[in-house]
Amino acid sequence: MSKIIDVRHLNFSFGSGEMERPVLKDVSLSIEKGEIVLMTGPSGSGKTTFLTIVGGLRQASYGSVTVLDRQLIGSTEQVKIQVRQQTGYIFQQHNLLKALTALQNVSMTLEMHDAMTERQRLDKAAEMLIAVGLGDHMNHKPEQLSGGQRQRVSIARALVGHPKIILADEPTASLDKQSGQEAVGILKKLAKESGAAILLVTHDYRIVDIADRVLELEDGVIRSA
Amino acid sequence: MNFISWCYFPARLAWRQLIFDRTKLAAAISGVMFACVLVFMQLGFKDSLYDSAISAPVKLNGDLFLMHKQAEAMWRPAKFQRRELMRVLGHPAVMEVTPLYLALASFKNIETDVKRTLMVYGFDPDSHIFDVPEINNHRNELRLKDTVLFDEYSRPEFGPIRQLVAAGRNITEINDYKISVAGVFQLGVSFAADGNVVTSDLNFMRIFPNRNHNMIDMGIVKLHPGSSIPQVQAELRLQLNPFIDIFTYEELLRREKDYWANMAPIGFIFGFGTIMGLVVGLVIVYQILFTDIANLRYEFATLKAMGYEHGYFIRVVFASAFFLAVLGFIPGLMLSVALYHLAESQIYMPMPMSPNKVITVFMFILSMCAMAGFLAIHKLKAANPADMF
Ligand SMILES: Nc1ncnc2c1ncn2[C@@H]1O[C@H](COP(=O)(O)OP(=O)(O)O)[C@@H](O)[C@H]1O
Ligand SMILES: [Mg+2]
Numbered sequence: 001m002s003k004i005i006d007v008r009h010l011n012f013s014f015g016s017g018e019m020e021r022p023v024l025k026d027v028s029l030s031i032e033k034g035e036i037v038l039m040t041g042p043s044g045s046g047k048t049t050f051l052t053i054v055g056g057l058r059q060a061s062y063g064s065v066t067v068l069d070r071q072l073i074g075s076t077e078q079v080k081i082q083v084r085q086q087t088g089y090i091f092q093q094h095n096l097l098k099a100l101t102a103l104q105n106v107s108m109t110l111e112m113h114d115a116m117t118e119r120q121r122l123d124k125a126a127e128m129l130i131a132v133g134l135g136d137h138m139n140h141k142p143e144q145l146s147g148g149q150r151q152r153v154s155i156a157r158a159l160v161g162h163p164k165i166i167l168a169d170e171p172t173a174s175l176d177k178q179s180g181q182e183a184v185g186i187l188k189k190l191a192k193e194s195g196a197a198i199l200l201v202t203h204d205y206r207i208v209d210i211a212d213r214v215l216e217l218e219d220g221v222i223r224s225a
Numbered sequence: 226m227n228f229i230s231w232c233y234f235p236a237r238l239a240w241r242q243l244i245f246d247r248t249k250l251a252a253a254i255s256g257v258m259f260a261c262v263l264v265f266m267q268l269g270f271k272d273s274l275y276d277s278a279i280s281a282p283v284k285l286n287g288d289l290f291l292m293h294k295q296a297e298a299m300w301r302p303a304k305f306q307r308r309e310l311m312r313v314l315g316h317p318a319v320m321e322v323t324p325l326y327l328a329l330a331s332f333k334n335i336e337t338d339v340k341r342t343l344m345v346y347g348f349d350p351d352s353h354i355f356d357v358p359e360i361n362n363h364r365n366e367l368r369l370k371d372t373v374l375f376d377e378y379s380r381p382e383f384g385p386i387r388q389l390v391a392a393g394r395n396i397t398e399i400n401d402y403k404i405s406v407a408g409v410f411q412l413g414v415s416f417a418a419d420g421n422v423v424t425s426d427l428n429f430m431r432i433f434p435n436r437n438h439n440m441i442d443m444g445i446v447k448l449h450p451g452s453s454i455p456q457v458q459a460e461l462r463l464q465l466n467p468f469i470d471i472f473t474y475e476e477l478l479r480r481e482k483d484y485w486a487n488m489a490p491i492g493f494i495f496g497f498g499t500i501m502g503l504v505v506g507l508v509i510v511y512q513i514l515f516t517d518i519a520n521l522r523y524e525f526a527t528l529k530a531m532g533y534e535h536g537y538f539i540r541v542v543f544a545s546a547f548f549l550a551v552l553g554f555i556p557g558l559m560l561s562v563a564l565y566h567l568a569e570s571q572i573y574m575p576m577p578m579s580p581n582k583v584i585t586v587f588m589f590i591l592s593m594c595a596m597a598g599f600l601a602i603h604k605l606k607a608a609n610p611a612d613m614f
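Protein sequence lines, in the order shown, are assigned to chains A and B.
Going by our numbering, the first sequence opens with residue 1, and the numbers climb by one from there.
Going by our numbering, the second sequence opens with residue 226, and the numbers climb by one from there.
Fair warning: there could be bad hints in the mix.
Below are the BS3-like pairs computed for lysine-lysine, each with C-alpha atoms no more than 25 Å apart in a straight line [as the list claims (entries may be wrong)]:
1) A:98 - A:124
2) A:141 - B:249
3) B:606 - A:98
4) B:482 - B:447
5) B:482 - B:304
6) B:284 - B:294
7) A:98 - B:604
8) B:482 - B:294
9) A:98 - B:249
10) B:403 - B:370
11) A:3 - A:192
12) A:124 - A:164
One side of the interface only, derived from the structure: several residues of chain A facing chain B at Cβ under 8 Å [claimed, not checked]:
13) 58
14) 84
15) 91
16) 98
17) 112
18) 114
In short, the hints are calculated from the structure, not lab data.
Quick reminder that beta carbons are idealized off the backbone N, C-alpha and C, glycines included.
Construct the entire structure; sequences and hints are all you get.
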């Protein structure tokens, strides 16, 4: 059993003192290699907060969060940067770089690693864009793409570095039914091929069938659905 | 990560983001260009002022120069007794001394009768105190009564003297005293005087009837060849009255320049203008970089979430600053060259675009942009990856 994400007794609050608002209460959860876990739950229940802690974007101080064998509680910025580099993020808003083409956006993931030549980076990024069905939109800037196409560029950007973890926060929320389903289908197919663990937050019950496991977070407390 | 990709990737991103919004890029470039032109013009006028300030003294032919301590510069002399100069003749190394008489006077344009102020130099035509060929070639004419030589580098408002002299229309007035212009020479104008004439010491006294032979403005000392100038200067200083200054050639030139740099407010004004140009440029570049970072904060936060380090974004900001410096400097330099030519034709003073000046201004602009980048990077803190989901 190889646990890629192992969270135990995580507590997290926003604010301090009088203003303290507990958001995550004694959350424990582990995800194994290649597993696809879906997290649902009402708005404001703490799903996004949970993702940002697991992804090394937000610092939590109580409990234990082990990601890729690194403890994130009380970790240095350097450890968090290492976790971020091995995580593929798919945001609700696509957050592509406006000034860059689809191809350049996807290669940004690879520019952090020196091992490749520019040619190899561009080839790999192009391959990934073909895999998400955007082979003929590679040199388009984000503003020339539709919402669904942009989200597929985001997926390509998240997957091109072969991350061990993929974190996605409501990736289909801004898409219509068909492009949402397409995007998630592509995500599942590519992730299965590379053996990445996926933690996907969604309200969208249309995509529940892709998951190995569905969890529900309610008011900061985990329960299996 | 090797050094090339360490700078190349952030620089490439900075470049792609700069050229994405052409309108904003054009605004930023104009800002830098404006600062650049302002600084070039200030430095150009300043150098031209300093160079022109010594256009006459640089041509003086002497080893040591006596002036009254109260003289601020050659164009603002203080008279002293001729015998103070004669005193130095006692030193064995001194070969020859020449009194020089200086005064501003109004010269009447031969064609239009309009009067304008210029500088009059009076000295014994037999002494060779100016290293100007035309002055020395016209020695015989200078010995005549009421003749002068005219500096053809004077401002054109004095009239086309060379042509008028050639045509025989060479009679005019200096300080309402009738003189004839015997010929022209080349010296150069300064901010203090729009033109120059030279004449004999005797004619000088005729033009300025209330001046007297015994009160001189400057003393020029020539030493026997092979004498040590600093040593003679030190020895003479002990003999001279304390109200007399004695300068070497280099000291005289430095003093004439320093008059404009320090004593007159003009040096300060140009320095102030240069700083203002840089401050305006700084504010513009800072403003552009700052709003850029603010607008791009979600993109930067996305990159941070992907694992980019804070240092990467600092390099992006400095690369943008560098590109703006270069992109603004190039048209700024071209425009300044054109303006230098325009200014030369308007103020009749040389304004050369020296490589030195180009490098100096580029360094100013580069530091200005770096400073703007430095001030703008604090805004990077707004790019928080936790806000990305
Ligand atoms: N940066 C923040 N500062 C303070 N409170 C926050 C912040 N982000 C989220 N919250 C609060 O924490 C709770 C959980 O938010 P979130 O994790 O975004 O929920 P979800 O993603 O499940 O909708 C909400 O009540 C929200 O108002
Ligand atoms: Mg949320």
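Hint check results:
Taken as a hint, the residue 98 (chain A) and residue 124 (chain A) pair is honoured in the structure, with Cα atoms around 21 Å apart against an allowance of 25 Å. Taking the CA atoms of residue 141 (chain A) and residue 249 (chain B), the gap is near 18 Å; set against the 25 Å cutoff, the hint holds. Using a Cα cut-off of 25 Å, the hinted pair residue 606 (chain B) and residue 98 (chain A) holds, with the two alpha carbons roughly 20 Å apart. Between the alpha carbons of residue 482 (chain B) and residue 447 (chain B) the distance comes to roughly 23 Å, so the proposed pair stays at or under 25 Å and holds.
Distance hint between residue 482 (chain B) and residue 304 (chain B) is fulfilled; the C-alpha atoms sit about 21 Å from each other, no more than 25 Å. Proximity of residue 284 (chain B) to residue 294 (chain B) is assessed by CA-CA distance (about 22 Å); at most 25 Å being required, the pair is judged to hold. A threshold of 25 Å between alpha carbons decides the hint, and for residue 98 (chain A) with residue 604 (chain B) the separation of about 20 Å falls inside it, so the pair holds. Pair hint residue 482 (chain B) plus residue 294 (chain B) holds up; C-alpha atoms about 17 Å apart against a cutoff of 25 Å.
For the hint linking residue 98 (chain A) to residue 249 (chain B), the alpha-carbon distance of about 15 Å falls within 25 Å, and the restraint holds. At roughly 11 Å between alpha-carbon atoms, residue 403 (chain B) and residue 370 (chain B) fall within 25 Å of each other, so this suggested pair holds. A C-alpha spacing of about 16 Å is found between residue 3 (chain A) and residue 192 (chain A), which places the hinted pair at or below 25 Å, so the restraint holds. Distance check on the hinted pair: residue 124 (chain A) and residue 164 (chain A) sit about 17 Å apart at the alpha-carbon level, within 25 Å; holds.
Interface restraint check: residue 58 (chain A) against chain B, minimum CB-CB distance 4 Å, threshold 8 Å, status holds. Among the interface hints, the one on residue 84 (chain A) holds; its C-beta lies about 4 Å from the nearest C-beta in chain B, closer than the 8 Å criterion. Checking residue 91 (chain A) against chain B by beta carbon gives a least distance of about 6 Å; that is within 8 Å, so the hint holds. Evaluation of the residue 98 (chain A) hint against chain B yields a held restraint, the C-beta minimum of about 7 Å falling below 8 Å.
Interface restraint check: residue 112 (chain A) against chain B, minimum CB-CB distance 6 Å, threshold 8 Å, status holds. Checking residue 114 (chain A) against chain B: minimum C-beta separation of about 5 Å stays under 8 Å; hint holds.
Violated hints for the displayed structure: none, as all numbered hints are satisfied.
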